[in-house]
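Next come the chains, spelled out residue by residue.
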Amino acid sequence: MECHVTAQAGQFTVDIALSTAAEPNWLGIVGQSGAGKSTFLQALAGFNAAANVTGRWHDKDLSKLDHAVLVSAQTPLFPALSVAGNLELVARHNQQLDNVKTIVALCECTALMSRQTNELSGGELQRVKLARALLANPALLLLDESFSAMDRALRFGILHKLKAYLSPDVKVIMVSHDINDIIVSCDHLSIIESGHCVACGPLSEMLNPARGQQANASLPLISVLHGEIAERNKGISRISVGETSVKVVDESAIPVGQSVRLLLPASEVTLATENSTALHTNCLQGTVQSVVPYSATQVAVKIVCEGQELAVLLDNYDRRINALQEGQLVWAYFSGQLTLA
Amino acid sequence: MEFSAIWLTLKLAGLSTLLLMLVAIPVSWWLSRWNSRFKAVVQACVALPLVLPPTVLGFYLLLAFAPDSLIGELWLSITGERLAFTFEALVFGSVIYSFPFAVQPLYAGFAQLHPHYLHTAKMLNLPWHVRLQRVVLPAVRPSLLIAAGLSFAHTVGEFGVVLMIGGNIPGETRVVSIALFDQVESLNYGSAHQLAAVLLVFSLFLLIGLYWLQGRRRLKWNVM
Chain A
1 MECHVTAQAG
11 QFTVDIALST
21 AAEPNWLGIV
31 GQSGAGKSTF
41 LQALAGFNAA
51 ANVTGRWHDK
61 DLSKLDHAVL
71 VSAQTPLFPA
81 LSVAGNLELV
91 ARHNQQLDNV
101 KTIVALCECT
111 ALMSRQTNEL
121 SGGELQRVKL
131 ARALLANPAL
141 LLLDESFSAM
151 DRALRFGILH
161 KLKAYLSPDV
171 KVIMVSHDIN
181 DIIVSCDHLS
191 IIESGHCVAC
201 GPLSEMLNPA
211 RGQQANASLP
221 LISVLHGEIA
231 ERNKGISRIS
241 VGETSVKVVD
251 ESAIPVGQSV
261 RLLLPASEVT
271 LATENSTALH
281 TNCLQGTVQS
291 VVPYSATQVA
301 VKIVCEGQEL
311 AVLLDNYDRR
321 INALQEGQLV
331 WAYFSGQLTL
341 A
Chain B
1 MEFSAIWLTL
11 KLAGLSTLLL
21 MLVAIPVSWW
31 LSRWNSRFKA
41 VVQACVALPL
51 VLPPTVLGFY
61 LLLAFAPDSL
71 IGELWLSITG
81 ERLAFTFEAL
91 VFGSVIYSFP
101 FAVQPLYAGF
111 AQLHPHYLHT
121 AKMLNLPWHV
131 RLQRVVLPAV
141 RPSLLIAAGL
151 SFAHTVGEFG
161 VVLMIGGNIP
171 GETRVVSIAL
181 FDQVESLNYG
191 SAHQLAAVLL
201 VFSLFLLIGL
211 YWLQGRRRLK
221 WNVM
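Those sequence lines, one after another, are chains A and B.
The numbering of the first sequence is UniProt numbering, which starts it at 1 and goes up by one.
The numbering of the second sequence is UniProt numbering, which starts it at 1 and goes up by one.
If you are wondering where the hints come from, they were derived from the structure by calculation, not from laboratory data.
Warning: the hint list may mix true and false statements.
[Stated by the list, open to error] Straight-line C-alpha distance at most 27 Å; calculated DSS-like pairs for lysine-lysine:
1. Lys247/A <-> Lys234/A
2. Lys60/A <-> Lys122/B
3. Lys163/A <-> Lys234/A
4. Lys122/B <-> Lys64/A
5. Lys163/A <-> Lys122/B
6. Lys161/A <-> Lys247/A
7. Lys163/A <-> Lys247/A
8. Lys101/A <-> Lys122/B
9. Lys163/A <-> Lys101/A
10. Lys234/A <-> Lys161/A
11. Lys64/A <-> Lys163/A
Please construct the entire structure, taking both the sequences and the accompanying hints into account.
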């Protein structure tokens, strides 16, 4: 994928060049407020006549894309129409009337259909906007803080359904201030600073850089564990990760048997050099891969558990940590209060 | 009571308002989206009838409608009739005379319509006529009603232009304001009182209606 966008927003110039070796399906974008993320998406959606867009993504020429659909604060609902009116109007002109029911259910809008647009709360408004965008039959879906007013369970629930619903032909770019949104849904990640792309690559490499590479300071150190929901009982799900399993508090509606991602912030994992009887919910056995300084007071320890990489942040003033050897057997402990999607 | 004059006035105001809406909607739309240093010139031309004495406008229109002028000649060749001192001339004159009253509310309404609505509608693949019908016109509906109401009221109250280009031909150009003037000239104060009262009450109620509408103008528009 290659994409180059230049645009002017007032005094601010955006010149963003993205390129990835692989073809991402979902590209996440993070960056500080005012970095140019929204300008970038608006240019791709054709909101900015003066913007210059070139590039290709899979078989799509980004410069002449007429099905790039943006969902953001800049895409208001039409106030003269009800929620149902907004959705049906767009569905009719995109030959999607057959899909209204499915999409309305996907976006949890069923109870909102008879409402007027000015009666909606922030989260409801975002769901209706998302549903309307999906009914426009997007080839490129641009999500700009499109879930910010929804609570976590609802947000991850909709994201999960959305990923299952969209055909692989539909490419998605997602901007969010909450890195968790991006981690649970995206496969590639790009960082934008002051109108330029400073890093772009596969999510796992970006979050968890290989030895010798510096992690981007704007990203938290979070590991993503891939597993499968084995069973759920009273709000606790058992997720099988390779040969072992972990237990997680789970409010999501993801069906049992589906593969999920577990987000494990490195600061919430602790290590032991012997398998103790510490009163933690979860314990994974692994081997030390590397120990690298992370900040003035912390080191990042990478371990490999069940073939997956796990990062752990520990204080560097403990001599035992500096004694960790590559290949050493360790046990990682963490609680069951994790994000699952 | 001069019912033919009242009927003629209503016919003139109704027809002029209809034509004004057809012309003013595209003109105000274009003006609201147009940026150029010549915009002030165009805006001044549109607003000119607001400040010009109606006799000045009427004088130029009279010259333009004369059979030896371009417009008068064209009209003569198409319809076979003279344009000056006819009902049609009054309609032309009224459209020009009331033009700013139609354009200014519409311009304000269109200018307030945020471009995000238009970008969004276009992005969602809605054809232009659907965008106009479902997005643009509903957003400016109060402005449309105010523009139509003001155009109608202003045409009813027209006097100077009618006097210059229409004269006082019963059933053709004798509108209420002219009839009133005529009655006063002939010292028929009873009839004059009746006509004056009709105009006064009508205009008052029309304006009350428009201001009431404007007061309700805080639209449900918090959807960003």
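**Message:** Of the numbered hints stated earlier in the document, which are not met by this structure?
**Reply:** none
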